[in-house]
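Protein chains: 4
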Amino acid sequence: MAKIPRTKSNDHSAQMSQTRRDFIEAQTGVALTHTGHYSVPEETLEGNIENFTGVAQIPVGFAGPMNINGEHANGEFYVPMATTEGTLVASYSRGMRLTREAGGVTTTVIDDAMQRAPMFAFKDAREALAFGSWVKQHFSSIKAACNATTSVGRLRDIEQHAVSKLRWLRFNFTCGDAAGQNMVSKATKAGCEWIMANYPAPIDHFVLAANLDTDKKHSHLNSLHTRGKRVVAEVTLPRQLVTDIMHCTPEALYKQRQYSNMGAMMAGSVSNGAHFANGITALFIACGQDVANVAESSAGFTFAEITPQGDYYFSVTIPSLIVATYGGGTGLATQNECLNVLGCSGKGSVNKFAEIVAATVLCGDLSLGSAVVSDEWVSSHERLGRNR
Amino acid sequence: MAKIPRTKSNDHSAQMSQTRRDFIEAQTGVALTHTGHYSVPEETLEGNIENFTGVAQIPVGFAGPMNINGEHANGEFYVPMATTEGTLVASYSRGMRLTREAGGVTTTVIDDAMQRAPMFAFKDAREALAFGSWVKQHFSSIKAACNATTSVGRLRDIEQHAVSKLRWLRFNFTCGDAAGQNMVSKATKAGCEWIMANYPAPIDHFVLAANLDTDKKHSHLNSLHTRGKRVVAEVTLPRQLVTDIMHCTPEALYKQRQYSNMGAMMAGSVSNGAHFANGITALFIACGQDVANVAESSAGFTFAEITPQGDYYFSVTIPSLIVATYGGGTGLATQNECLNVLGCSGKGSVNKFAEIVAATVLCGDLSLGSAVVSDEWVSSHERLGRNR
Amino acid sequence: MAKIPRTKSNDHSAQMSQTRRDFIEAQTGVALTHTGHYSVPEETLEGNIENFTGVAQIPVGFAGPMNINGEHANGEFYVPMATTEGTLVASYSRGMRLTREAGGVTTTVIDDAMQRAPMFAFKDAREALAFGSWVKQHFSSIKAACNATTSVGRLRDIEQHAVSKLRWLRFNFTCGDAAGQNMVSKATKAGCEWIMANYPAPIDHFVLAANLDTDKKHSHLNSLHTRGKRVVAEVTLPRQLVTDIMHCTPEALYKQRQYSNMGAMMAGSVSNGAHFANGITALFIACGQDVANVAESSAGFTFAEITPQGDYYFSVTIPSLIVATYGGGTGLATQNECLNVLGCSGKGSVNKFAEIVAATVLCGDLSLGSAVVSDEWVSSHERLGRNR
Amino acid sequence: MAKIPRTKSNDHSAQMSQTRRDFIEAQTGVALTHTGHYSVPEETLEGNIENFTGVAQIPVGFAGPMNINGEHANGEFYVPMATTEGTLVASYSRGMRLTREAGGVTTTVIDDAMQRAPMFAFKDAREALAFGSWVKQHFSSIKAACNATTSVGRLRDIEQHAVSKLRWLRFNFTCGDAAGQNMVSKATKAGCEWIMANYPAPIDHFVLAANLDTDKKHSHLNSLHTRGKRVVAEVTLPRQLVTDIMHCTPEALYKQRQYSNMGAMMAGSVSNGAHFANGITALFIACGQDVANVAESSAGFTFAEITPQGDYYFSVTIPSLIVATYGGGTGLATQNECLNVLGCSGKGSVNKFAEIVAATVLCGDLSLGSAVVSDEWVSSHERLGRNR
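Protein chains in written order, with the numbering used here: chain A, 62 to 449; chain B, 62 to 449; chain C, 62 to 449; chain D, 62 to 449.
So that you can see chain A by itself, here it is in the shape it has in the complex (with noise of 0.2 Å):
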């Protein structure tokens, strides 16, 4: 079969596009008729994607509005979520609305860190514990030579996880309003080529990621130790309102938490909750996040408590959640209105975003929550449908 046409210069052009699209056609019948309907400029999308052809159009709807009260987010937000899953958008809605007369959903931003984590490997155990004693001694060098690459990403910490004769180091920065990825790695890269030029003692192997970091898949570590943002949303529900709204009780809801949560530990669950990952992924999408990051964002946990008062306190903790309101996608077109439309955009705003979309994992959690606990879940999908 023939290769997809290419230019090396001006390949992000509508003449690049459309010829790409004729091409399709060629060899497969197929017109990209839709697909080629769009209008982000062609030239902004260098450094998002290769080979342009064209646009998925994702539905775009707005839930809400969600009231918050974030250290970064604080008031009525309408929230875009980018979906094909009929009720998605209206179950979210229903738990903001829940959240809103309930005086707001409480975020805080408890961690942040990126991570790139090579590894090296030595002769023997020992002589991997001496080199992690020496990258200690030497953390405001090896900081000085990863910083030097960005002026954005700032070295936190290296972590060390050692086995056998290999020793990875795991380099936490903070990344500004990036979500960070590759800057780490440059910066890391640089922190490794100081150490492999000042290591006084022999490296048999060194390889700047050995899936210990973890990109772009869940991992243990990283929910213990945050990868990007950690984000706890937090609501207590007057139990009229539970009662009122959602159809059901404080008591129904927590003995329903009860199942849950046994039936996630017998899973071998990455989340005790209930769905994070639809809000998080409508929302990467309709705001220009890196989206296959939900496969380390949907993880997560939930607590709820009844009050004294008879309330039901409710929570989701987002240990891994990778947010950026600058670089990525965050630019482009129809992504940057909808982080405007958040006031997500531009310097300082990231700590927001997260904020916002950890609201927004709670309100849906809470309404899946409460419609499998009335038993109005598997009718309003009836209802709402899905296409077929």
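Treat the hints with caution; some may be incorrect.
Each pair may be met inside one copy or between any two copies, as identical chains are not told apart.
[Stated by the list, open to error] In silico PhoX-like pairs for lysine-lysine, Cα to Cα no more than 25 Å straight-line:
id, residue 1, residue 2
1, K64, K197
2, K204, K408
3, K204, K69
4, K316, K197
5, K197, K408
6, K247, K204
7, K408, K64
8, K408, K247
9, K316, K184
10, K64, K316
11, K247, K316
For the record, the hints were derived by calculation from the structure and aren't laboratory data.
Keeping the supplied structure of chain A fixed, place chains B, C and D upon it in accordance with the hints.
Just chains B, C and D now, kept in the frame of chain A:
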């Protein structure tokens, strides 16, 4: 803040879409110009989204051609990938070139099951055990009750998982070309209603789901027992090809595999692969899949060997690949075009699509893996860059 | 250094035992006076140990009486516990008093399987899949080959687990009163030899075990699917008893349970219980079990509820309790006495013993759990102390 | 049923031991003749057991000599193993012979920490976060409060783990030659009392432990961050030795390692090794360790390589090896003799003992691993047999 405008009738219309864009602009000062630029007919979105307001334009690039020797997918394919992450399409294309020159990727769907796992609680463990036996004895009646709700879904078997006085029944269905989550919820509900009506002893509590499924989150249970399709993609790369195209050797790749296995085990990762999520997400967005299922689909296993001839056998196994070629977003404007490019529209094409996804994942893991080994990884990101 | 003395004939004798003690003293200057003080007849140890040189004297204390309402264990039991950890026997006794006054512990063996999981490798995943189907079709022949090697073990079913071109067959057996690890190894080997002799297509590689069993180490697979006995112990504690004996309330215990569940999930623990391992180990040492199986048997689940009456329902589930009342160390001098005290010697007593172990674990978790809650934990260790 | 006889004073005496044996016989009809045969002085058992009634006689065999090149253990050792599992001592001895002829096992203790993890609950996540910062600022005061309770234990650092409005502080101590669980409980309690007395803002709830430690059960957290000693044992086996003694090749062992890694990952096992638990348990029983810690100590990692020379590098890493040469059962009659044989009695010997355990584990995994590969495994069990 004001409520988002809705109408009971005709809510999926150009007018209501415009009304909501105007509303958002009035409320937030942000014009949704690009978001309002789309060609998907609004009325086709009923059942896919509520409060439809416009679209996210996600850039689509084609990778390939990719050569597959599957049971369902055969020949060469241009693979549509929707992403905003620079390098991604180029990297997957590089892997596709490699495997194409090696004679193509062999793919096999080795298992197929979508599930819902209701939970039943009893007075004590002994009554739960008796219930379990009764369910086994009455499987055919339960199956009939389930299957009566759907012309496509077929109950395959019911796994039982027990703890304390609780018993989860994990209903496994095949679902034709649909992903089937809603189909199996409805069918399982019917099965449970039959159980509740016919079980001759007391049941303390029943709920249709309690986190053992597990839906929209990874679980070890799903990796063991499949959710969606379990697909394997394999290739044997002649040594010369590895050297020529990937600029490294089978031995170097294999050594890195050992480190990556160890890193994944230490991290407690859900995958010992490199970045399954990237390819899956890009295909899911382009092809109208439920992108939130990246949470489950991104987990998996990589297995490699050096053959006696010195070539490199490499495989990926995706145990919970949730895909559809019917229902959900598969029929929408751009999504359907992309599925059609792959020849994956219409009856009986879901396994073909599953094989294409798995082959794509394999190509991407080969490309990133060898870039890490040959130290071309950071530099290629620098060159193709991200948008900043 | 010199070789340890052995004789081909009569190595399990008082003389050889003495010879080896003399040898150790000569080599190291340490007299094995106490180690040489024992009453177990040396000749009974053939098949239990090589190079027999003496015994470890592990102190045995009795806890109880413990009241059980089991299917196999009924009535009151004095429980022999071999330990060197102060407080342990007292703490378990306290829990036994509590449950005795609550009317006893209800126990149920809800599953039973011992396994060996051979692995078969093929040219590719498609051939591995075909093999899997063939194995299902020939189950009865494979079963016959397995069962022919043992008068006790019975093949129950064969689970299949697949990745890449590899396929593990997890042979599940029932083993009468034996733990059965060796029995199932031998039987599975025979089954595999039948397969190798009869499978009509090529098999690239076969090995009797490759870590999927999993033997002598915990795995999530075993927690899901049982290794040995899956046993549940349950009790409902009247509120007054909790206050009187445990000096706390059901609400306080339940609150702590929530924290403990969350802690276990965050830690990635194999158990959300308190210290199953303590009681299991003490019983295993006293009663001639394979103590290394603490690795598997110590995992488990705790589930609790406050009843509508305000009482405290509490349960433990041990999914991989590996026990025997026949074979291994069960027939040895002190071990057999302790089994006899429990009425667990002779045919058909293994489930009785399993229930006693589970009930003991429940009593210990109640005791420690309430000590933590009522802040009596550190102080009781101070009082009953450890040897320093 | 009657209460077990006890006296407030002098309960650890020959008389009370006899009284209880008589009581058990009267109640159950079973004479504890062998159990009553012991030489350990009763009065030495105060602090080790309550209701002392006799001893379990666990057969001890010596394996070895084993050659170690450790930082703390150097030279050849006869290793005492207490077990009732036939083949075990012989198999470990075989592995010791192999490594001895290869020049010995290299061992390194690479980390050391014993912990208690109290939990603090707050009004919300923001207050929990503020608390975390305060704890960091007041570390030296907390440390002083902890260390004042013990002359041996030293607080090393406090890890923080946060979810919802909860915060766990994981206090890491070094504990000299003791295992230290009780030492750190007492010290952590003192540290927490200092916190409670000095923290200027409200704390909703405090508890000394809530399953994050994790004690007497494996957790991924412990594998990542060490509980007890983190020890590595390594050896490089000349190819000829593998062939001569193990009847297989480095390539065959390495191939099996690949399958075993994959099996362990699929099973969700806490170890990719073969049977760490066997050697650890036998040494723990013989040497007065807290045998219940097999639950934690049996987890670990195996890493292997074929060297450029074609030899076989093999290593085991035990991340949570909980050992003591002081306190607990280490001073008892037979236990102390066995520790003395290893030269592990008295001050500063705990790392030596840790290295011996790790080297033993390595020898056992080599022996079983090669038996599986060379298909001698089932047959050796048949020959040396288990008692039936």
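Hints, one by one, checked against the model:
no.	hint	verdict
1	K64 x K197	neither (50 Å within a copy, 45 Å between copies)
2	K204 x K408	within (24 Å within a copy, 40 Å between copies)
3	K204 x K69	neither (37 Å within a copy, 59 Å between copies)
4	K316 x K197	neither (48 Å within a copy, 27 Å between copies)
5	K197 x K408	neither (33 Å within a copy, 29 Å between copies)
6	K247 x K204	within (13 Å within a copy, 38 Å between copies)
7	K408 x K64	neither (41 Å within a copy, 29 Å between copies)
8	K408 x K247	within (22 Å within a copy, 47 Å between copies)
9	K316 x K184	between (54 Å within a copy, 15 Å between copies)
10	K64 x K316	neither (58 Å within a copy, 33 Å between copies)
11	K247 x K316	between (48 Å within a copy, 23 Å between copies)
Going through the hint list in order, the structure does not satisfy hints 1, 3, 4, 5, 7, 10.
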